[in-house]
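Chain B: place on chain A using the hints.
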Amino acid sequence: MANDEPLSTDLHAKIEDLFRIVTEIGRGDYSTRLPADLPADHVLHRLYAGVNEMVESLAAQDQRNVDYQRELEDKLATIDQQRAAIRELSTPIMEVWDGILCLPVVGIMDSVRSADMTDALLRAVVATRARCTIIDITGIEVMDTGTADHFLRMAKAVQLLGAACVLTGLNPQIAQTLVHMGVELEGLVTHRSLRDALQHFVVQRHAGRQR
Amino acid sequence: MEGGAARRHLVQHVIDAFAARRAARELASEIGFDPRACVEIAIATSELAVNIAKYGVRGHVTLEIVDHPRYGPGISITASDCGPPFHDFEMAKRDGCDDAGPLDPVEFFNRHGLGTGLGAVSRFTDELGWEPTADGKLVRAVRYKNRPPRA
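Protein chains in written order, with our numbering: chain A, 104 to 314; chain B, -6 to 144.
Only chain A is shown next, with the shape it has when bound in the complex (with noise of 0.2 angstroms):
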């Protein structure tokens, strides 16, 4: 029974150490380990080979997730900025009135975003057979003369489809920079808001109709 004493005080500290080890497990805690230098005949030693293991693998599983979770994240915040790129860079085309079709054009305007623009505008205006369109840019801060100038190349090739086409919603610096650019602005017209094009628009097509 004397042998017995030191041995039993042992494994009540080694079970102790076990418990510890659980209750950190329970708390998402897998940083800690039991010691590995265990004799091969304790009696502890394949339970403790075997508690190592398992926190082990509780550890990559924990790792793994949070790897998962912040792809997850990732992913989540590039199609955020996506969609906003995606609101950004449409050029809705309406039907505001029958024949009539609008474009509005709001935020940054870059030469891609000119180039796709036109190329959607003049699109519609071949599908739809429309008489006449207003881009409308008071959503449109600044404009580069580049931009400007081909702007005006657009409402003269929707002319040269056959459809009248207005520019509206102008702010003072940009009427300043396409007079600055010495391009040639005869043959274009503007109205000073979106409302004013389609009440111009709207009457003309009633008088034709009525004679």
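Hints are computed from structural coordinates only; laboratory data are not their basis. Please note that a few of the clues may not be correct.
Derived lysine to any residue pairs resembling SDA-like cross-links, with alpha carbons at most 20 angstroms apart [as the list claims (entries may be wrong)]: (1) B/LYS138 with A/GLN276; (2) B/LYS138 with A/GLU244; (3) B/LYS138 with B/THR55.
For chain B alone, kept in the frame of chain A given last:
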């Protein structure tokens, strides 16, 4: 931020220009550019980023705050890519041209652009230059808050 904590944006697709230009606009606004200048800087950044996606295959846009002894604070936009060098940079800066010369009107509708991108960058910035690098090229444009007189 001072002394250049750079903001780097990977560009692989035209859509990536969006993130770069939004960052440029925010940065410009942060250091006190007026709203019009912020949009101009955003457009310049957008054009440079789009050029990476179109000609440079892939690359980065890096935004940095710079400080000029005479013109004060400014934003430097560096676009580095792994595409071929410019054949003729001065030509590429002209509206309706690429680095080989005037654009072919027939090709025009298929290229998703106007050939005015670098022209816009040169109008909206105060310094614009390029240099070849080990694996491609680098275009750098700087816009100052107090714009120096144009040459």
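Hints, one by one, checked against the model:
1. B/LYS138 with A/GLN276: Cα-Cα ~19 angstroms, so holds.
2. B/LYS138 with A/GLU244: Measuring from Cα to Cα gives roughly 19 angstroms; hence the hint holds.
3. B/LYS138 with B/THR55: holds (18 angstroms)
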